[in-house]
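Protein chains: 2
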Amino acid sequence: MTLNNSGIDLDSGHSCSKMAFSWAKKSFKNRSGFPGEVALEIDGAFCNIMKFGETLIGMTSDGIGTKAEIAERTGDHSTLGYDLIAMVADDLIANGVVPANITNILDVDVLDHAIVESLMKGLYEAANFSKVSVTGGEIAELGARISGWGSSMHFNWCATAIGYVPKGRKPISASNAKEGDVVIAFKSRGFRSNGFSMARKILSGAFGENWHSENFSKNVTWGKALLTPSLIYSPCITKILESDIRVSGIAHITGGGVPDNLGRILKYKALGAELDNLFEPHDFMKKTQELGNVSDEKAYRLWNMGTGMLIVAPADSSGEILKIAEICGYIAQVCGRVTSVPGVRIKSKAISSDDLLYTRSGK
Amino acid sequence: MTLNNSGIDLDSGHSCSKMAFSWAKKSFKNRSGFPGEVALEIDGAFCNIMKFGETLIGMTSDGIGTKAEIAERTGDHSTLGYDLIAMVADDLIANGVVPANITNILDVDVLDHAIVESLMKGLYEAANFSKVSVTGGEIAELGARISGWGSSMHFNWCATAIGYVPKGRKPISASNAKEGDVVIAFKSRGFRSNGFSMARKILSGAFGENWHSENFSKNVTWGKALLTPSLIYSPCITKILESDIRVSGIAHITGGGVPDNLGRILKYKALGAELDNLFEPHDFMKKTQELGNVSDEKAYRLWNMGTGMLIVAPADSSGEILKIAEICGYIAQVCGRVTSVPGVRIKSKAISSDDLLYTRSGK
Chain A
1 MTLNNSGIDL DSGHSCSKMA FSWAKKSFKN RSGFPGEVAL EIDGAFCNIM
51 KFGETLIGMT SDGIGTKAEI AERTGDHSTL GYDLIAMVAD DLIANGVVPA
101 NITNILDVDV LDHAIVESLM KGLYEAANFS KVSVTGGEIA ELGARISGWG
151 SSMHFNWCAT AIGYVPKGRK PISASNAKEG DVVIAFKSRG FRSNGFSMAR
201 KILSGAFGEN WHSENFSKNV TWGKALLTPS LIYSPCITKI LESDIRVSGI
251 AHITGGGVPD NLGRILKYKA LGAELDNLFE PHDFMKKTQE LGNVSDEKAY
301 RLWNMGTGML IVAPADSSGE ILKIAEICGY IAQVCGRVTS VPGVRIKSKA
351 ISSDDLLYTR SGK
Chain B
1 MTLNNSGIDL DSGHSCSKMA FSWAKKSFKN RSGFPGEVAL EIDGAFCNIM
51 KFGETLIGMT SDGIGTKAEI AERTGDHSTL GYDLIAMVAD DLIANGVVPA
101 NITNILDVDV LDHAIVESLM KGLYEAANFS KVSVTGGEIA ELGARISGWG
151 SSMHFNWCAT AIGYVPKGRK PISASNAKEG DVVIAFKSRG FRSNGFSMAR
201 KILSGAFGEN WHSENFSKNV TWGKALLTPS LIYSPCITKI LESDIRVSGI
251 AHITGGGVPD NLGRILKYKA LGAELDNLFE PHDFMKKTQE LGNVSDEKAY
301 RLWNMGTGML IVAPADSSGE ILKIAEICGY IAQVCGRVTS VPGVRIKSKA
351 ISSDDLLYTR SGK
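If you read the protein sequences in the order shown, they are chains A and B. Going by the numbering used here, the first sequence opens with residue 1, and the numbers climb by one from there. Going by the numbering used here, the second sequence opens with residue 1, and the numbers climb by one from there.
Just chain A, same shape as in the assembly (with noise of 0.2 angstroms):
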């Protein structure tokens, strides 16, 4: 059993995430040769994506998981919902699916209206920034199944997003990578949806329990910094693969990183790549992997460490991609280079300037 410190079970949680995706697997022989046919099974895929006729359908699950209890420590909940747009629509881009719709699942302990209502609020705020329509709702009422921290309403929230493949498009695998493609950098907000049972198990440990009152900052408390909302990366990705650009792969950075997030869309072709101009940390995370005594190795696993995003294109591409970018309002840079040999190279920007190597994929 490896514990990873916050008293989450990562071999436990790799092999029944395994197990359970090979009785899903089993399952695809349901819809062979009829709508709903798996279309393509991907090289590191972020969603599954089915055939329709000749519609392209992606579809994706996802939660906000324990980023919940900072809207419970902070009172503020009207910014989750970029988060949870940010979890599947971002998986669907990943593979060339653009996002259109989301349903959502909010269960509770008790209803509280007020909190309810700034939930949704938010998550319409941020369909309107995605470019998506929410097109169905749960709300489960299920007492002490549901508990969180303090007294008012607890809630864990889902979302699964469906989306398609533009027309004459085909998915983005990364079956066209290849040696000498550059790698660009998204730069994230913050701790997005992920590594947040270390980073409150950290926090606490370092504050005590009240933890997200203290001040990161002269005018940010723990609480704010850790709530940051995600930037929903799908409609500057959507504007990038509109344009004809050519893109070899993309790679959203959730649990694992960026080294095994990366390595998921590289290694089908045993290739790897050198990354020594990834953004810098947030100063917030720097400072939890301080206080948490955190390798830098054991960082950039656990945490986004500033990127959110990254594309792996021709290095032709890159200049196009980048403007793309610029205009749409997202920070982006040119953060590496696909080699032959496999493994993800990352020359540090947390603690360290060291040169880090990560070869077998945690996924």
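Because the hints were derived from the structure by calculation, they are not lab data. Hints may be right or wrong, so weigh each one.
One copy or two, either will do: identical chains are not told apart, so a pair holds if it fits within one copy or between any two.
What the hints assert, rightly or not - Only pairs whose alpha carbons sit at most 25 angstroms apart, straight line, appear in this in silico DSS-like list of lysine-lysine: (1) Lys51 x Lys170; (2) Lys121 x Lys18; (3) Lys51 x Lys239; (4) Lys267 x Lys298; (5) Lys18 x Lys131; (6) Lys51 x Lys167; (7) Lys131 x Lys51; (8) Lys29 x Lys121.
These numbers come from a predicted model, not from an experiment.
Since chain A is already given, all that's left is putting chain B on it; use the hints.
Frame of chain A; chain B shown alone:
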């Protein structure tokens, strides 16, 4: 505040759902004129239907609610997959959408590999039964945010299903229903996934904390009786819709029971129904009602009372519908007819044989 005696605040539930839907509806404009546009707003819809080119895709989300506790109590997790797929696949087919793919999200406190495998194997079996494929899944370890009965793994389980309206067909709404149409009832097997908060409250009041171990009959414990897996109707209804038989409307009997779910598809044309031949409630359902001193009128809103699905159809369609149901191995019978007088009239098959009249939908 109207409590339903199980501690669930019905008024608050309805007002939160309404509010959430009003925010969701505002977001529909984000896909206006683009793929993923809401294709039509159906009267009394059980799902949403979106247009991707010529393809109509339906989507819906739901969970098994507190039925999860019955698996925790009995230690049998093998059949909940049927309950999970029933909730979403039967909501799709109620609007003429053939279910094709589902994703599921399993929230757990800590992982138990054997229990997760039992759930996923059951989901696979239910997917085979209902001819869908499981094309996505997420297992979230949420620690103390998830709770339940006993000391084994606690969990909440929800799913999203998508499907398609077959080429050349239209979604099913109630807009074709008319006076004189027959109503055909499909027999249920048990509680499906609705009304468990009240059933559990009654049974723990009657038998104490370990009510699930008490015998309901010689060989069946109360736990086993309540766990009875849902019958999934979508394979049979799909066959009926494929056979070009005219169908005026379909009601999936979930929360709100027969009166609210039939009511929601009839109210837009200000029609009503007289149901004098519904199925008998299951013995364990009737016994639960007796133990809780629940009136027949209330019981028909809390539970399905023996009927899991209703089809409204022109009288001359009923013979063919019943024939296909029989061939598919489902038990169905004509249970009443559509009237020009609004309201749903039910001749009770529960404790009394009273005539019950429902004039106001709870939805």
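Hint check:
1. Lys51 x Lys170: both (12 angstroms within a copy, 20 angstroms between copies)
2. Lys121 x Lys18: Classified as between: cross-chain Cα gap 13 angstroms, same-chain 36 angstroms, threshold 25 angstroms.
3. Lys51 x Lys239: Both: 23 angstroms inside a copy, 21 angstroms across copies.
4. Lys267 x Lys298: within (20 angstroms within a copy, 59 angstroms between copies)
5. Lys18 x Lys131: between (33 angstroms within a copy, 23 angstroms between copies)
6. Lys51 x Lys167: Cα proximity of Lys51 and Lys167: in one copy and across copies (12 angstroms, 14 angstroms).
7. Lys131 x Lys51: both (23 angstroms within a copy, 15 angstroms between copies)
8. Lys29 x Lys121: between (40 angstroms within a copy, 15 angstroms between copies)
Consistency note: the structure conflicts with none of the earlier hints.
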